[in-house]
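There are 2 protein chains.
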Amino acid sequence: MRLTKTLAVLAMGSVAAFAGPAMAQTIGISIPAATHGWAGGLNWHAEQARARLSEAHPDMTFVLVTADSASQQANDLEDLVSIHNIDALVVLPFESEPLTDPVRQVKESGVFVTVVDRGLSQDGIEDVYVAGNNTALGEVSGEYFLTRLGEGDNIVVLRGIPTTIDDERFNAFMDTIEGSGINVLDDEYANWNRDDEFEVMQDFLSRFPDIDGVWAQDDDIALGVIEAIRQAHRVDEMFVVGGAGMKEIVQMVMGGSELVPVDVLYPPAMIATAMDVTVAHYTSNGPVTGRYILGAPLITPENAENYYFPDSPF
Amino acid sequence: MRLTKTLAVLAMGSVAAFAGPAMAQTIGISIPAATHGWAGGLNWHAEQARARLSEAHPDMTFVLVTADSASQQANDLEDLVSIHNIDALVVLPFESEPLTDPVRQVKESGVFVTVVDRGLSQDGIEDVYVAGNNTALGEVSGEYFLTRLGEGDNIVVLRGIPTTIDDERFNAFMDTIEGSGINVLDDEYANWNRDDEFEVMQDFLSRFPDIDGVWAQDDDIALGVIEAIRQAHRVDEMFVVGGAGMKEIVQMVMGGSELVPVDVLYPPAMIATAMDVTVAHYTSNGPVTGRYILGAPLITPENAENYYFPDSPF
Chain A
4 MRLTKTLAVL AMGSVAAFAG PAMAQTIGIS IPAATHGWAG GLNWHAEQAR ARLSEAHPDM
64 TFVLVTADSA SQQANDLEDL VSIHNIDALV VLPFESEPLT DPVRQVKESG VFVTVVDRGL
124 SQDGIEDVYV AGNNTALGEV SGEYFLTRLG EGDNIVVLRG IPTTIDDERF NAFMDTIEGS
184 GINVLDDEYA NWNRDDEFEV MQDFLSRFPD IDGVWAQDDD IALGVIEAIR QAHRVDEMFV
244 VGGAGMKEIV QMVMGGSELV PVDVLYPPAM IATAMDVTVA HYTSNGPVTG RYILGAPLIT
304 PENAENYYFP DSPF
Chain B
4 MRLTKTLAVL AMGSVAAFAG PAMAQTIGIS IPAATHGWAG GLNWHAEQAR ARLSEAHPDM
64 TFVLVTADSA SQQANDLEDL VSIHNIDALV VLPFESEPLT DPVRQVKESG VFVTVVDRGL
124 SQDGIEDVYV AGNNTALGEV SGEYFLTRLG EGDNIVVLRG IPTTIDDERF NAFMDTIEGS
184 GINVLDDEYA NWNRDDEFEV MQDFLSRFPD IDGVWAQDDD IALGVIEAIR QAHRVDEMFV
244 VGGAGMKEIV QMVMGGSELV PVDVLYPPAM IATAMDVTVA HYTSNGPVTG RYILGAPLIT
304 PENAENYYFP DSPF
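Chains A and B supply the protein sequences, listed in that same order.
Numbering of the first sequence is given in the numbering used here, commencing with residue 4 and proceeding in unit increments.
Numbering of the second sequence is given in the numbering used here, commencing with residue 4 and proceeding in unit increments.
These are computed hints drawn from the structure, not numbers from a lab.
Keep in mind that this is a model prediction, so the values were computed, not measured.
Every residue gets a Cβ at the ideal spot worked out from N, C-alpha and C, and that includes glycine.
Any given hint could turn out to be false.
[As the list claims (entries may be wrong)] No more than 20 Å apart at the CA atoms, straight line, and that leaves these computed lysine to aspartate or glutamate pairs for EDC-like:
{"no.": "1", "chain 1": "B", "residue 1": "Lys110", "chain 2": "B", "residue 2": "Asp90"}
{"no.": "2", "chain 1": "A", "residue 1": "Lys250", "chain 2": "A", "residue 2": "Glu305"}
{"no.": "3", "chain 1": "A", "residue 1": "Lys250", "chain 2": "A", "residue 2": "Asp156"}
{"no.": "4", "chain 1": "A", "residue 1": "Lys250", "chain 2": "A", "residue 2": "Glu230"}
{"no.": "5", "chain 1": "A", "residue 1": "Lys110", "chain 2": "B", "residue 2": "Glu305"}
{"no.": "6", "chain 1": "B", "residue 1": "Lys110", "chain 2": "A", "residue 2": "Glu305"}
[As the list claims (entries may be wrong)] According to the in silico footprint, chain B covers these stretches of chain A (three or more CB under 8 Å from chain B):
{"no.": "7", "region": "50-60"}
{"no.": "8", "region": "264-272"}
{"no.": "9", "region": "287-300"}
Assemble the whole structure, with the sequences as input and the hints as a guide.
Right, dumping it as structure tokens:
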């Protein structure tokens with residue numbers, strides 16, 4: 004009774020319109036330029052999403068810009084605000100540190116900001132953060148090794164570059180296989196560089212006569228590893244697990260390869276997810292502000308088709 | 004100039020079809036029934052999202068079912084699979100424990116599963132988890148108190164029901180105001196029940212002659228608190244911070260109330276976000292699998308309009 008009365012009084016105010024039927028918003032998308040590799044896939048998926056979203060929302064404008072350096076990206080951001088007058092920004096920072104201030108300035112000008120994958124050096128600037136999950140990538144990879152190997156089996160691990168990303172992947176993988184009896188013969192940084200990967204794997208192959216599995220934790224690294232294994236004629240001896248969802252690797256998985264039986268997703272298509280939620284900020288009654296951490300599902304012959312984009316460069 | 008060129012190059016690629024053009028998928032949505040309160044808002048936003056998504060995707064089918072009990076929801080899930088033959092399920096479990104097995108069975112039948120807000124008792128069943136952020140709600144609330152109060156100021160805190168949700172909110176709030184000199188006179192469980200809230204606040208008012216602020220951490224609780232403060236004629240003495248985004252509270256914020264100067268979002272509209280990402284699984288090139296934890300933004304007179312849904316019951 005008491006409460007009903009309160010509510011009646013409170014409900015008397017004016018009937019305001021809510022957030023937003025889309026009204027000609029301009030969305031800027033700023034990403035590193037690339038024609039190949041993970042960033043090449045990023046560019047391809049951003050363009051796909053732009054085409055799709057432009058068709059679905061003809062009243063909205065999408066301005067996609069690509070940068071060859073952190074300083075060029077900072078200039079791009081200025082132009083997006085001053086020339087294109089953007090309402091929202093989707094940005095995958097070239098590097099965290101030099102882009103933190105430029106993105107903050109965009110935010111302070113009143114733009115809605117979605118940051119993708121590479122976080123800024125300071126928390127709380129962006130409205131939405133969309134990223135892959137390096138810990139999950141390590142765990143899912145480790146769980147696959149547990150299904151294939153056990154006590155006394157030998158593996159080698161190729162790491163990337165000493166970074167938080169690499170540590171998260173590696174520590175999660177090692178924690179997952181701990182206690183299984185799987186023997187990690189060695190791990191070494193291969194610098195996410197194909198020549199280095201090839202040489203590190205050659206070194207492993209020459210030092211270890213018995214290798215059952217290789218955790219390469221990245222599909223680019225996996226390619227160098229596969230080449231070294233082929234040249235050593237030891238293809239039938241071991242399997243290789245990469246990570247990302249590169250189309251050449253997904254294709255091998257899809258074809259039932261014994262050398263590359265699975266892959267673990269860390270998708271460049273996350274740029275499309277980030278563009279989707281940014282558009283939803285203007286078109287949906289659902290809130291979008293927050294942290295969207297994508298999973299790292301295991302790509303198997305059964306589901307590989309869902310992750311295969313034959314026209315993407317990656 | 005540079006931007007124009009970059010855009011031209013990017014636009015050259017083929018317009019390939021990707022993963023999934025929508026092909027008559029059926030999406031089931033299962034939520035607790037309610038005509039008022041947070042769950043009433045949930046029902047309203049689910050219906051809004053269903054209307055919007057049906058129009059945007061006329062080839063998809065949306066089946067929205069509401070349950071009065073956990074066992075009815077379990078039956079609903081069976082029907083969604085066996086009668087409606089759903090491809091995807093969006094479910095806000097009535098309760099975690101009794102719905103865990105039913106949702107697992109839906110998942111095992113091959114359905115894509117998005118769980119909202121109330122997690123299942125076991126990890127790893129769902130494909131997507133969409134939820135509010137109780138820790139952020141506590142932090143954002145605490146940060147607001149820091150802007151208003153300091154050394155020697157007195158507050159009281161009304162808690163909900165002893166649960167993880169309540170602990171996360173309370174601990175984050177207390178951690179945030181720690182060291183500020185703000186004096187928490189008392190905190191007490193009010194059981195997310197309006198009569199209890201009113202009585203707890205009456206007790207606080209009779210025991211403490213000097214109260215500067217009340218953290219009610221929930222808008223329903225805030226209503227009971229406000230009524231008690233009004234009846235005690237102490238409206239000018241203190242401010243109240245709730246949590247959720249109830250329209251009566253948002254309206255007070257929008258109107259510049261000194262008694263209710265802000266609110267913190269924990270939106271029932273998250274069901275719409277969950278429906279959006281589930282549809283995107285079939286219509287976007289961006290991946291959606293993962294954890295989407297929504298933020299708890301501070302609702303102020305400046306932005307309150309964005310969070311005000313006058314036609315919603317909540």
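Verification of the supplied hints:
1. As the CA atoms of Lys110/B and Asp90/B are separated by approximately 10 Å, the hinted pair is consistent with the 20 Å bound.
2. For the suggested pair Lys250/A and Glu305/A, the alpha carbons sit about 16 Å apart, so the restraint of at most 20 Å is met.
3. Between the alpha carbons of Lys250/A and Asp156/A the distance comes to roughly 29 Å, so the proposed pair goes past 20 Å and is violated.
4. Taking the CA atoms of Lys250/A and Glu230/A, the gap is about 17 Å. The hint holds against a cut of 20 Å.
5. Between Lys110/A and Glu305/B, the direct Cα distance comes to roughly 16 Å. Compliance with the 20 Å bound is thereby established for this hinted pair.
6. A distance of roughly 16 Å separates the Cα atoms of Lys110/B and Glu305/A; the hinted pair therefore holds under the 20 Å criterion.
7. Three residues within the 8 Å Cβ limit are the bar, and the region 50-60 of chain A against chain B gives 6, so the coverage statement holds.
8. With 3 residues having a Cβ less than 8 Å from any Cβ of chain B, the region 264-272 of chain A passes the three-residue criterion, so the hint holds.
9. Coverage of a stretch by a chain is defined here by at least three residues with a beta carbon nearer than 8 Å to that chain's beta carbons; for the region 287-300 of chain A and chain B the count is 13, and the condition holds.
Going down the numbered hints, you'll see the structure goes against just number 3.
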